[in-house]
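Peer 1: Since the structure of chain D is already known, use the hints to place chain R on it.
Those protein sequences? They're chains D and R, same order as listed. Numbers 12 to 304, taken from our numbering, label the letters of the first sequence in order. Numbers 12 to 304, taken from our numbering, label the letters of the second sequence in order.
By construction, these hints were calculated from the structure, which means they are not laboratory data. Careful, some of the hints might be misleading.
Repeated chains share a single entry, so a pair holds when one copy, or any two copies, can fit it.
[Unchecked claim] Straight-line alpha carbon distances no greater than 20 Å define the calculated EDC-like cross-link-like pairs of lysine to aspartate or glutamate that follow:
| # | residue 1 | residue 2 |
| --- | --- | --- |
| 1 | Lys172 | Asp199 |
| 2 | Lys129 | Glu35 |
| 3 | Lys278 | Glu265 |
| 4 | Lys300 | Asp150 |
| 5 | Lys172 | Glu270 |
2 protein chains.
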Amino acid sequence: MKTALGIDIGGTKIYAALINGSGEICSEVEKYSTPKTAKEIVEKLKEIISKYEGEVEFSAISTAGGVNRENTKVICSTANLPEGYPNTDFSSLSNKPVFVENDANCAAWAEYKTGSAKGMENSITLTLGTGVGGGIIVDGRLLKGKSGTAGEMHFKMSLDKKRRCTCGAYDCFEIYASGNGLRLSGIDVTGNKDITTYDIIEGVDKGDEKMLRAYNIWQNHIIAGLCGLADIFDPDCIVLSGSMGKFCDIEYMEKLVNEEIVTMPTKILHASSGNYAGMIGAVLLGFDKLKLD
Amino acid sequence: MKTALGIDIGGTKIYAALINGSGEICSEVEKYSTPKTAKEIVEKLKEIISKYEGEVEFSAISTAGGVNRENTKVICSTANLPEGYPNTDFSSLSNKPVFVENDANCAAWAEYKTGSAKGMENSITLTLGTGVGGGIIVDGRLLKGKSGTAGEMHFKMSLDKKRRCTCGAYDCFEIYASGNGLRLSGIDVTGNKDITTYDIIEGVDKGDEKMLRAYNIWQNHIIAGLCGLADIFDPDCIVLSGSMGKFCDIEYMEKLVNEEIVTMPTKILHASSGNYAGMIGAVLLGFDKLKLD
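In isolation and in its complexed conformation, chain D is listed as follows (with noise of 0.2 Å):
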């Protein structure tokens, strides 16, 4: 079976690996700190890449920020992406087809070939980290939108400018949602401005009153964004992926989410890609559209 090379370029490691058609990973992960420049972390491709070209068929890129329809560059942010970085030329890096997508649409393409939401057509995985990523698969093909950008979570929970999101405007989903929206959950219930996620996180684990109301709270935003969600795409599943993701009660989510809506009743799983989701899916969705096996 044929093999690519697999990167996931993520905000403080970068993750390299062949991995196969069927999603395997058929090599030690290699993995490496993210360099702070986009000269540093082309230059650190450039060394990946020239070492395993002899090999693979071509490299998949897994990366934060909208990335173009023909899966070359980077066009477009809400994260603090290195400067420099949306210019990039990945195509320039090897001499065989370098294929680049968007991290939550690789780990969306992972988790609807290989993952939780395998088989299901019509699946949402949202990576809940420090921030919220979308990947969303319609009658089995990534939404891409007319240049390749669609699945940012930046829809209002509040038209009162409550929160100031990482986007610059208010009351994004994903200032909501996020590890930080967590946070400014937390904040809003001790009024402690120095609280952070794990504070919170490990407050929930030793049963702590006022920690158990912002995990609430925070989780009952997540189910308001999950009820537009359904309503929009009337979805088989929506998968919770990230590192907050796990965090996620889905059964009580799921059961909330199938009382409001007025679509047909979805699913809420947990992710089961796991930390290379992004590497994986990135090669597979290269396969798809490269058309080799």
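Peer 2: The following block gives chain R in isolation, referenced to the frame of chain D:
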């Protein structure tokens, strides 16, 4: 060119006409008052269909309610449909095929195939009337979801239970962006609970300050919703249709939406398919689905 019978079942009127595969109306448009009960509606449809059955390839019906993927029946509804209506087996109304689709989906398809969104493979049409409907085109295909009922515009605009929506939940986009939403904004501004949507529109025409304030609030609510839809779908355009769509200041809306979204700029457009968009869209979708030309 082959023709089909297009039928639009509205809340107050039923329209019917012969329509060809290019979406052109080829006969007089017949108009009837919509009967009050599901049984009477079915009798009326039988009467209309039997009249034209010999001349057409199939009948296509545009209706309120969520329609299944097979386009044979209404399976869910937020509107006040007559009792029993969702169980109607439309295929039994004719010896030839009967194609059924949600009215907002039909309007969206008409705008995409022959109207303002012509040739735009990623577009959203919102029907702003007493309520709000949505039809979404993704890569040239109608977004139906797992069961066929995607496109419901019940995502939340607030977490504070400010306005009760017709669906029973609170603060859905529909209860802000509809004519009813404008009325509620008028009540908020004036304190007059008897004010009507029509009073406000008339007041805006006359330059009444309070009515203008209500109108601006209503428009800003719509803009907030459009930002979310634009970030989720990265569409070529969002078309504002329905009786309230014509009152939208689309240039102002487009400017504010594009200042706020994190994806690529989109267009906000008035609809151009007119009152017969429902039956035209139903027929064009039917030709596509039934593979006739």
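Peer 1: My question is about Lys129 and Glu35: at a cut-off of 20 Å on alpha-carbon distance, are they close within one copy, between copies, both, or neither?
Peer 2: within (15 Å within a copy, 43 Å between copies)
Peer 1: At most 20 Å between CA atoms: does that hold for Lys300 and Asp150 within a copy, between copies, both, or neither?
Peer 2: Cα proximity of Lys300 and Asp150: in one copy and across copies (16 Å, 15 Å).
Peer 1: Go through the copies and call it for Lys172 and Glu270: within, between, both or neither, with a Cα cutoff of 20 Å.
Peer 2: between (28 Å within a copy, 16 Å between copies)
Peer 1: Treating 20 Å as the Cα threshold, decide for Lys278 and Glu265: within, between, both or neither.
Peer 2: Cα proximity of Lys278 and Glu265: one copy only (6 Å, versus 35 Å across).
Peer 1: Are the CA atoms of Lys172 and Asp199 at most 20 Å apart within a copy, between copies, both, or neither?
Peer 2: Answer is both: 15 Å inside a copy and 18 Å across each meet the 20 Å cutoff.
Comparing the model with each numbered hint stated earlier shows that all of them hold.
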